[in-house]
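Produce the complete structure using the sequences and hints provided.
In my numbering, the protein residues as written are 30 to 328.
A portion of the hints provided could be inaccurate.
Said to hold, decoys possible - Calculated lysine to aspartate or glutamate pairs in the EDC-like style (CA-CA distance at most 16 Å, straight line):
| no. | residue 1 | residue 2 |
| --- | --- | --- |
| 1 | Lys140 | Glu60 |
| 2 | Lys43 | Asp74 |
| 3 | Lys72 | Asp55 |
| 4 | Lys140 | Asp55 |
| 5 | Lys43 | Glu71 |
| 6 | Lys140 | Asp323 |
| 7 | Lys110 | Asp314 |
| 8 | Lys161 | Glu286 |
| 9 | Lys161 | Glu300 |
| 10 | Lys59 | Glu139 |
| 11 | Lys72 | Asp221 |
Quick caveat, the hints were computed from the structure, so don't treat them as lab data.
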Amino acid sequence: MTNFPASLLILNGKSTDNPQLRQAVDTLRKEGAELHVRVTWEKGDAPRYIQEALQLGVATVISGGGDGTINEIATALIELKDANAPALGILPLGTANDFATSVGIPMDLEKALRLAISGRDVPIDTARVNDKTCFINMATGGFGTRITTETPEKLKAALGGVSYLIHGLMRMDTLKPDRCEIRGENFHWQGDALVIGIGNGRQAGGGQPLCPDALINDGLLDLLVITGEELLPAIFTTITQQEDNPHLVRGRSGWIEITSPHSMTFNLDGEPLSGQTFRIDILSDALRARLPPDCQLLR
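Written out as structure tokens, the structure reads:
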């Protein structure tokens, strides 16, 4: 039998009825893995389970769910402020799985679970907004955020990531930019933004590569702004990501500040945050994660 380090799998309650998941857990246990499983029912369950993970002395806390579940567990691990805190493992069970896909987590659940239990752990960055709310993948604002937060759960369950595009086409009547000012290290822009992406990771919204050059261990945030002076060219930019398009603005900084004369909403890995002022700081090497050896988001 293989000598696996002990792990605790925190499973999003929506993902429990999955025969492939049950088979993967059963297979690894038969090979000798000490794998504890807990299921979340409501917000706040994940931090409580992580306290239990400390008592159990596990080496890894595995996030079984989508980007929101990963972020909730990662945030709770960071808040431990313990250099010996368990590493983060990832089991992709969400609709879009943007972070898991971009870092190269296998979609095969047995392979993903094996990696989460026994893969190498590396330090990675995360980001914090207004010195409170964290995100591990991306903060998005503008039209795309309204679409992802409004897309019906039944549509997402049936169609996956493409559901965001379909719902977006159905809601073109709501298309309008946000007036804002954005500052960073040696960076300043102000105007009308149709889409804002602030990436520790690279993609959001079911596979849109908003920050294709982002790295999760470089101590920097990548910024994308799709300007909204002319809406149709801006939409075309969203689809093609043409680097020479005048409606596309990019930046890179260890911190970013956004102010607006009206309320804006950002989606922080599934967690909405509204306000007129946002300060986003990178937290370098904030936690350890078990990632593939060929992960393209590591420098």
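Against the structure, the hints come out as follows:
{"no.": "1", "hint": "Lys140 - Glu60", "verdict": "13 Å, holds"}
{"no.": "2", "hint": "Lys43 - Asp74", "verdict": "14 Å, holds"}
{"no.": "3", "hint": "Lys72 - Asp55", "verdict": "27 Å, violated"}
{"no.": "4", "hint": "Lys140 - Asp55", "verdict": "13 Å, holds"}
{"no.": "5", "hint": "Lys43 - Glu71", "verdict": "11 Å, holds"}
{"no.": "6", "hint": "Lys140 - Asp323", "verdict": "15 Å, holds"}
{"no.": "7", "hint": "Lys110 - Asp314", "verdict": "12 Å, holds"}
{"no.": "8", "hint": "Lys161 - Glu286", "verdict": "14 Å, holds"}
{"no.": "9", "hint": "Lys161 - Glu300", "verdict": "12 Å, holds"}
{"no.": "10", "hint": "Lys59 - Glu139", "verdict": "13 Å, holds"}
{"no.": "11", "hint": "Lys72 - Asp221", "verdict": "34 Å, violated"}
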